[in-house]
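Chains as they are written, first to last, in our numbering: chain V, 1 to 54; chain C, 55 to 236.
Calculated directly from the structure, the hints in this document are not laboratory data. Please read all numbers here as calculations on a predicted model, not as lab measurements. Accuracy of the hints is not assured; some may be wrong.
As the list claims (entries may be wrong) - DMTMM-like, lysine to aspartate or glutamate: derived pairs with alpha carbons at most 25 angstroms apart:
1. C/K185 - V/E41
2. C/K203 - C/D56
3. C/K97 - C/E135
4. V/K52 - V/E41
5. C/K97 - V/E32
6. C/K219 - C/E135
7. C/K185 - C/D99
8. C/K97 - V/E36
9. V/K54 - V/E41
10. V/K44 - C/D102
11. V/K44 - C/D56
12. C/K203 - C/E193
13. V/K52 - V/E32
14. V/K44 - C/D99
15. C/K185 - C/E174
Said to hold, decoys possible - Here are the in silico distance ranges between beta carbons for each label pair:
16. V/N34 - C/E135: 22 to 28 angstroms
17. C/P115 - V/A3: 43 to 49 angstroms
18. V/E41 - C/H155: 22 to 28 angstroms
By construction, the Cβ of each residue, glycine as well, lies at the ideal position given by its N, Cα and C atoms.
Here is how the chains run, residue by residue.
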Amino acid sequence: MVAKPPKPSLDVKLNTRIRMIISGPQHVTCTEGNVEVISSEQAKEEALRLAKNK
Amino acid sequence: MDLPYVIQYLLTLRNPGGGPLVYGNVGQSVIPFFPPGQSINPKTDPGDDYAHIIFSHSIGPAVVPGAFYAVTWQGGGNVHEGTVTGWFIGNDITLFLVQTHALPSSAIITNISPLAQYYEAYIAFLRVTTKEVYDLVEEALDRLGTSSKLEGVAAQAAGLLGEMKRAEGLPPPIIKTEGGGE
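Go ahead and model the full structure; you've got the sequences and the hints to work with.
Here is the structure:
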């Protein structure tokens, strides 16, 4: 007997961390949910670091 | 995008100490992975500046029409609420939203689609660095209003004088409504 594959579910995504990338002098905060606000410079540095590690 | 006249005008003003009075700037928000059914509630203030005058808002063309529902408000009043439709994505929204630390703006953006989405938005704004600059901007707008009001009144007066002359069977007077006197 072949085991049934697990049923796909969207529930797992409901508390996924969201990254919001902001550029400009404005200041943005998110008080609710699992949201991380980062600057575009920070995102660029991370992208470069990942590219170099490949 | 053509800049609204009032924004062009403010960008031409010079600081008494030298340099521009206000600076044009563009802010960008990107959410590379926005899970379905989730919401974010960003609250935005002018950071190190005294105020930001937001005059344009746009959504990136890669955003899927109908995938998001957005509510934006400031103080007690809603600026916008509705589905982020194709029209919204294809057009810049022109506004004059003054954002300060005392009056930040808030939003709730929800991914209402069954799939994870990409989100991207832009605002164009003027940076008002200090309270002194804010007062100068206010004064400049006040003067602009008075001047255009006076020109409107002068044009109306010229029309009324023309009517009076015509009633007497005379040609209407030529009245200059702008520029210096002779």
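Under the constraints set out in the numbered hints, which ones does this structure not fulfil?
As far as the earlier hints go, 1, 6, 11, 13, 15 are violated by this structure, in ascending order.
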